[in-house]
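**Student:** The primary structure of each chain is shown beneath.
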Amino acid sequence: MSKPLISVRNLKKYFPVRRFLFAKDYVKAVDGVSFDIYEGEMFGVVGESGCGKTTLGRTILLLIPPTAGEIYYRGENILEYDKEKLKEFRRRAQIVFQDPYSSLDPRQTIFDIIIEGPRYHGIDVGDPEEFVVSLLRKVGLEEYHLYRYPHEFSGGQKQRIAIARALAMNPEFIVFDEPTSALDVSVQASILNMIKQLQKEFNLTGMFISHDLAVVKFMSRRIGVMYVGRIVEIGDSDELFKEQLHPYTRALFSAIPIPNPRVTRSKKKMIVKGEPPSPIHLPRGCRFYPRCPYAMPICRTREPDLMEIDKNRHVACWLYG
Amino acid sequence: MLAIWVRGMERRIFDILPKKTFGIALIFSSVLFIFSTLLYLFTRTPNVVAIIVVSLITYTNTLTALFVWSEKLRRNSLPYIVLLIILVAVSVGMLVFEIYYLLARKFVAEIVEPGYATLGLLILLILGYFANQIVEKITPELYWRVGRFLGEDYINVVYVSAFAMIGPAIAFFGVTSLDPYMGFLTLLIAFMPIPGKIRNIRMYLRREEIAKTMEETIRKWLLSIPAIKDVPEIKVYSLGPLAFAEFRVMVSELIRDRLEVLGDSIRVPIVDMIGNLVGIHAYLSTTRDTQVLVGIPAEDSKVSSRLAGKCVVVRVDLSKLEVIGTERVELSDLKEEDEILRSLISKRLDVLCLREVDKKIKNYLDGWFIIPMQIESDTVDAAQKELIENLRKLIE
Chain A
0 MSKPLISVRN LKKYFPVRRF LFAKDYVKAV DGVSFDIYEG EMFGVVGESG
50 CGKTTLGRTI LLLIPPTAGE IYYRGENILE YDKEKLKEFR RRAQIVFQDP
100 YSSLDPRQTI FDIIIEGPRY HGIDVGDPEE FVVSLLRKVG LEEYHLYRYP
150 HEFSGGQKQR IAIARALAMN PEFIVFDEPT SALDVSVQAS ILNMIKQLQK
200 EFNLTGMFIS HDLAVVKFMS RRIGVMYVGR IVEIGDSDEL FKEQLHPYTR
250 ALFSAIPIPN PRVTRSKKKM IVKGEPPSPI HLPRGCRFYP RCPYAMPICR
300 TREPDLMEID KNRHVACWLY G
Chain B
0 MLAIWVRGME RRIFDILPKK TFGIALIFSS VLFIFSTLLY LFTRTPNVVA
50 IIVVSLITYT NTLTALFVWS EKLRRNSLPY IVLLIILVAV SVGMLVFEIY
100 YLLARKFVAE IVEPGYATLG LLILLILGYF ANQIVEKITP ELYWRVGRFL
150 GEDYINVVYV SAFAMIGPAI AFFGVTSLDP YMGFLTLLIA FMPIPGKIRN
200 IRMYLRREEI AKTMEETIRK WLLSIPAIKD VPEIKVYSLG PLAFAEFRVM
250 VSELIRDRLE VLGDSIRVPI VDMIGNLVGI HAYLSTTRDT QVLVGIPAED
300 SKVSSRLAGK CVVVRVDLSK LEVIGTERVE LSDLKEEDEI LRSLISKRLD
350 VLCLREVDKK IKNYLDGWFI IPMQIESDTV DAAQKELIEN LRKLIE
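For the record, the sequence lines run as chains A and B. For the first sequence, numbering that gives the first Met the number 0 assigns the number 0 to the initial residue and increments by one for each residue that follows. For the second sequence, numbering that gives the first Met the number 0 assigns the number 0 to the initial residue and increments by one for each residue that follows.
Worth double-checking, as some hints may not be accurate.
So the derived list for chain A, only partly shown, Cβ under 7 Å to chain B, looks like this [to be verified]:
(1) R283
(2) C291
(3) M295
(4) P296
(5) I297
(6) L318
Honestly, the hints are just simulated from the structure, not real lab data. Values in this document were obtained by computation on a predicted structure and should not be read as measured data. Quick reminder that beta carbons are idealized off the backbone N, C-alpha and C, glycines included.
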């Protein structure tokens, strides 16, 4: 395996919520997350809505400052970067947002949207028009789209523009934050195929965030499963789909609908009871124990760390501790 | 604060809220009370009387915690209720007297040094806020609900001080005639914590009933762990909204080496679950004078190589190391390994014999303080003999 491009260690992002005057409680959106993303790989992050996937992606890119922890880019802690190095990191690390309808400036033409980043960073792109047209072609758009405004495009086309904007910076690392969730199914496949093709072409390293397990499997070689601010399991996508170790992962994967009534009938579904806990008042010990069918007394006392139990397989569960 | 020590085959778990929490809460209450009294003597504004009352009220929650915390005091709770009634009665008396005084004197302004009064009330507001924050912060995280309970009365000081500042502040700009009217309103606001205190006094009358409910909750939870054979003694002392739990549990001799882990597994969830406990004293004793249940997965008379839906449960007298009965259990509707394990745990097994023990099963059984025992025998009869031999080695 190649070297890690991004390494995250014990990353935390707490959002304060006011309780009384200056007294605060904290929403623990990301709470002690550690993992590596290797060069050239697309690392998938899955989990139910509100589990902290988007916050994790944005914190890694320093779009929001972390509360604690370390983020390493090529072995250097980006939290210790000076202004110049940070600017360079921001050029090298890009994001494609979830909602293409709000992530593009409606008052700018597509040309301005795409060229804005390289201009700000002083990147020599040769002829700007030629550069933008070449990028548009790479994402399946044409030259005549150059001076149009975002409202003249469909959702899928807008997301292609957002991807072209990210690629314009010649990035090494891109966070794809549910790039297809706002699009209809017919458009999703073409966008996903395009991202996959571009990843190969540009040798991109990425983090693909989604709550759609099939999409993450298609896009990623390794997958991390998140539950209420923590990564509970990491594994190769094929292995993870074959056998889930953490009870939450099992529950999540057993919810995948199978388009075969016979298989659906014979397959035993694991349904977890209740709702996820409040990220303000998390349960002591493992945060999944109130819903876990395999909860043991120790789960109520101590929170398990992510443990390596096999090559490329990590799980945070006392069953494997 | 946790202390565990071993005396023979007994382990005592002693987990209690640290003394400094009460000390600091009492210091804050005293500072607030003394400062507000001096401020009243210096400024003569009825607004400050309201603060004296709410400062006095801040003693009540700390006293409740202190009485239930102290081993001597909790055994005789009569002084607690007498003190609580006196504090509430004095507070109500002061408020009523001051209101009567204002009405009788037809709201004549007596305020002097309104600037100092405003400044003093601002200091009281800040003190109240810091008291709330510091008391909550120094309370250990496990007891965060008790910390909130201890800190909540200081919030009354904050909002009553904020309201009380209005009269003296207006008087500072020359309009002294409004001060008694604002004082009247502040005194009415200061009544707000009183119903809560009266509820606590009423709760005292139901303390036995509340304690019984908590005892049942704790007992039920303890007995959900198969290794705990009995809870011969359990006593919950309940005062107002707080409580203290003392209990003794009997566990089988088989897990004597894991008493510390078991203690930790008992301590944290009970404090966390009950929420209003200020501490627990638990005594864990091992006993050989008990029966243990051993599960052997078996199809007919043959021992299964792996965990199966059919199982023989053997009852063993641990003191004599004799089989005193067997029972066949069928879990035919359960297919998954984990489901079978969970079902066996619900049958309160102490030992599970398996020919192959993988790490996951071992961890799961360990987590429930069930001993995973690897056996080699093919038949149930031979397995029973092997089991007795293994048990003998285990306890000797």
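**Student:** Compare the structure with each hint and give your call.
**Tutor:** Status of each hint after checking the structure:
1. Residue-level restraint check for A/R283 holds (minimum Cβ-Cβ distance to chain B is 5 Å; threshold 7 Å).
2. Of the supplied interface hints, the one on A/C291 is violated, with its beta-carbon coming no nearer than about 11 Å to a beta-carbon of chain B, more than 7 Å.
3. Of the supplied interface hints, the one on A/M295 holds, with its beta-carbon coming within about 3 Å of a beta-carbon of chain B, less than 7 Å.
4. Taking 7 Å as the C-beta contact cut-off toward chain B, the hint placing A/P296 at the interface holds, the least distance being around 4 Å.
5. Checking A/I297 against chain B: minimum C-beta separation of about 5 Å stays under 7 Å; hint holds.
6. About 5 Å separates the beta-carbon of A/L318 from the nearest beta-carbon of chain B, less than 7 Å, and the hint is met.
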